[in-house]
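*Asks:* Please model the complete structure; the sequences and the hints are all you need to start from.
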Amino acid sequence: MSEEFFIQGNEACARGAIKAGCRFFAGYPITPSTEIAEDLSRLLPKNGGSFIQMEDEISAIGAIIGASWSGLKAMTSTSGPGFSLMQENLGYAQITETPLVIVNVQRGGPSTGQPTMAAQGDLMQVRWGSHGDYEPIALSPSSVQEFFDFTIEAFNLSEKYRVPVVLLADEVIGHMREKIVIDDNIETIKRTAPTEKGEDFLPYKALENGVSKMPAFGDGYKLSITGLTHDERGYPATSNPQDHQKLVKRLCNKILENRDEIARVKLEQWEDADVILISYGSSVRSVIEATFKAREEGIKVGYMKIDTPWPMPEKEVLEVSKIANDLIVVEMNLGQMVHEVERIAKNNANTHLIGKIGGELPNPDEILSKIKELV
Amino acid sequence: MDSEINSKENPSLKYLRKDRLPHIFCGGCGNGIILNSFFKGMESAEMDFDNIAMVSGIGCSSRIPGYVKCDSLHTTHGRSLAFATGLKTGNPDLDVVVFTGDGDAAAIGGNHLIHAARRNINLTVICINNNIYGMTGGQISPTSPKGSFGSTAPYGAQDAPFKLAELVTAAGASYVARWTTVNPVQLSNAIKKGLKTDGFSFIEVISQCPTYFGRKNKLRTPVDMIRYFKDSTVVKRKADKMTDEELLGKIIIGEFANNNRGEFTKGICNLSIEECGKPTYKKSAYKL
Chain A
-13 MSEEFFIQGN EACARGAIKA GCRFFAGYPI TPSTEIAEDL SRLLPKNGGS FIQMEDEISA
47 IGAIIGASWS GLKAMTSTSG PGFSLMQENL GYAQITETPL VIVNVQRGGP STGQPTMAAQ
107 GDLMQVRWGS HGDYEPIALS PSSVQEFFDF TIEAFNLSEK YRVPVVLLAD EVIGHMREKI
167 VIDDNIETIK RTAPTEKGED FLPYKALENG VSKMPAFGDG YKLSITGLTH DERGYPATSN
227 PQDHQKLVKR LCNKILENRD EIARVKLEQW EDADVILISY GSSVRSVIEA TFKAREEGIK
287 VGYMKIDTPW PMPEKEVLEV SKIANDLIVV EMNLGQMVHE VERIAKNNAN THLIGKIGGE
347 LPNPDEILSK IKELV
Chain B
6 MDSEINSKEN PSLKYLRKDR LPHIFCGGCG NGIILNSFFK GMESAEMDFD NIAMVSGIGC
66 SSRIPGYVKC DSLHTTHGRS LAFATGLKTG NPDLDVVVFT GDGDAAAIGG NHLIHAARRN
126 INLTVICINN NIYGMTGGQI SPTSPKGSFG STAPYGAQDA PFKLAELVTA AGASYVARWT
186 TVNPVQLSNA IKKGLKTDGF SFIEVISQCP TYFGRKNKLR TPVDMIRYFK DSTVVKRKAD
246 KMTDEELLGK IIIGEFANNN RGEFTKGICN LSIEECGKPT YKKSAYKL
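Just so you know, the protein sequences line up as chains A and B, in that order. All residue numbers for the first sequence refer to my numbering, where the first residue is -13 and numbers rise by one. All residue numbers for the second sequence refer to my numbering, where the first residue is 6 and numbers rise by one.
Check the hints yourself; a few may be wrong.
[Claimed, not checked] Label-pair restraints from in silico Cβ distances:
#, chain 1, residue 1, chain 2, residue 2, range
1, B, 168, A, 167, 55 to 61 angstroms
2, A, 214, B, 281, 36 to 42 angstroms
3, B, 175, A, 27, 25 to 31 angstroms
4, A, 27, B, 53, 29 to 35 angstroms
[Stated by the list, open to error] Covered stretches of chain B, as calculated for chain A (at least 3 residues, CB under 8 angstroms):
#, stretch
5, 113 to 120
6, 274 to 283
[Stated by the list, open to error] Computed list of lysine to aspartate or glutamate pairs in DMTMM-like fashion (alpha-carbon distance at most 20 angstroms, straight line):
#, chain 1, residue 1, chain 2, residue 2
7, A, 208, B, 24
8, B, 243, B, 229
9, A, 208, B, 55
10, A, 5, A, 254
Keep in mind the hints are simulated off the structure, nothing from the lab. Small disclaimer: the values here were computed from a predicted structure and weren't measured. The beta carbon of each residue, even a glycine, is placed where N, CA and C say it ideally should be.
*Replies:* The following block contains the structure:
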């Protein structure tokens, strides 16, 4: 059984969260993400969940980390300024391996910028925003259906790898209305408690995939959770270089070593392409249209839609760089993903940027004229 | 009584992670008196130790939970009350205790402090106020008395201090008290009352940091500091009848609030019962 709805992206995200098993939301109002909080303030009490409007975004992410350790799937939503405020606690969630989902419905920045306009300027902030080394997971939806589907996927990945996952949407996807189909049978990954009992359990000893089981507070494990570098028991271990190397490398490797399983990309008409367009989020919509128009004119163009900007699908980018002469990265900033593509493609292909800021989607005709310049 | 005195082990040790000792606190620090008072208050309140979860931020006081053999969440600077709000709301069955200090709670975490009090969420907060940043080496804090010295106030603190117990009372907490490390009996009694209160409880403890506050303020030894507390404290009943001028340099001790205002997590739970017929779903991450 499945049901069809005609709803806004932010509403689809809220519904996705409930389907994914999210039963705790803490947030702070901010355009253009507010509808997610509004919808969940209505939906959570109807599903045995808790909603708290916090005093700021710092406390919002703090509260969801606390809720996650109480044994709930938890989420917050925000936009650029709030995402900036969350960076310190995002690092805390990384080092303590706390599963949670942060939705960032991007708007124009820096600073207050363009609150009601779309942008993709936070891509690198997701990668490098908190201090120290870590490997983020981010999903970027390009339709209302994907905002729903990726919300569920974000929760599943966060539980599977015990990490915070960023859902990197933008104003266009957040506010656009489209038809979506919600299936009754949605696969969710449940958190698994350790099988061993009591205080001897090591909450930071890696099992398969570099991840260990996660008990909840109150389960009798006497957990010691800290943002300090810690040993397998969770005890602070801050002065031995080996302890720090072991912990931080494991945190990074649990993502890097599973990159192929996490990374999602969609490739279309690429086998014979001279030019391949690469994009993510709402810009993908223009890229699809531009590909269609170019093919109509007999130009061999394909596209790569990157659903997980982090971790970057390096294998696929390298592969297409060996096929096409030119790669054009289309994004709504002055050049962020283009540096990643350049790094991976090296000299295999020429990498170009169509970087559009100001709040409008890149126009398919702009993309088409860039393609014509190149072929 | 005799057997307790003669026994080799301190009665508080059974609550501690012995594998984490020795602790990092300086000789003469007030943290030990306060932790002992906490365990006494916990015992006289007949709390189930296994049900206690501790949350803290950053600073000397925030290192206490790491030594206690209970679930503990040592969080980021100033944010302990935000994390505790999520933990307590997620599982209201836990008895959540927050250890914080003047820098953690009143400076960087000041906003969370007043909002947690406003929500009246059932947390027991022990705020160890030593009027200085100990862990970073003796800088002044928002509670340093005007004119007192610190490594960032070589000419004396220029700004007026916060009165924490009064601030939290005004913000709406159900139980508020201030004592000093000179009053361990009253302190453990206040902790007992705080643990029993169904709402936000804030116990401010004026404590000594001989290493930094004492050394920079002519109170070099712990004894000097204890003597200073003894000489400066005025009980609230008496203080209520004194003028601001008479209270200059005094530490007001006693209870500031003790009421039964509605508690936050009960409201959340009741809303769930109204909207879906069941209380909020605990530990649902393992089932959904």
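*Asks:* Quick one, are residue 208 of chain A and residue 24 of chain B close enough, alpha carbons at most 20 angstroms?
*Replies:* Roughly 13 angstroms separates the two Cα atoms, so the pair holds.
*Asks:* Just to be careful, I want the Cα atoms of residue 243 of chain B and residue 229 of chain B compared with a cutoff of 20 angstroms; is the pair within it?
*Replies:* Violated - the C-alpha atoms of residue 229 of chain B and residue 243 of chain B are around 25 angstroms apart, more than 20 angstroms.
*Asks:* For the range 36 to 42 angstroms, tell me whether the beta carbons of residue 214 of chain A and residue 281 of chain B fit it or not.
*Replies:* holds (40 angstroms)
*Asks:* Okay, the stretch 113 to 120 of chain B and chain A, do three or more residues pass the C-beta test at under 8 angstroms?
*Replies:* holds (count 3)
*Asks:* State, for the Cβ atoms of residue 168 of chain B and residue 167 of chain A, whether the hinted interval 55 to 61 angstroms holds or is violated.
*Replies:* holds (59 angstroms)
*Asks:* Please count how many residues of the stretch 274 to 283 of chain B have a CB within 8 angstroms of a CB from chain A and say whether that reaches 3.
*Replies:* Our answer is that it holds, as 6 residues pass the Cβ test (under 8 angstroms) against chain A, meeting three.
*Asks:* Taking only the CA atoms, is the gap from residue 208 of chain A to residue 55 of chain B under or equal to 20 angstroms?
*Replies:* Cα-Cα ~8 angstroms, so holds.
*Asks:* Tell me if the straight-line CA distance from residue 5 of chain A to residue 254 of chain A falls inside 20 angstroms.
*Replies:* violated (30 angstroms)
*Asks:* Starting from the hint 25 to 31 angstroms, judge whether the C-beta atoms of residue 175 of chain B and residue 27 of chain A obey it.
*Replies:* Hint holds: Cβ distance 28 angstroms, inside 25 to 31 angstroms.
*Asks:* Lying within 29 to 35 angstroms: is that true of the beta-carbon distance residue 27 of chain A to residue 53 of chain B?
*Replies:* holds (34 angstroms)
The earlier numbered hints that this structure contradicts are 8, 10.
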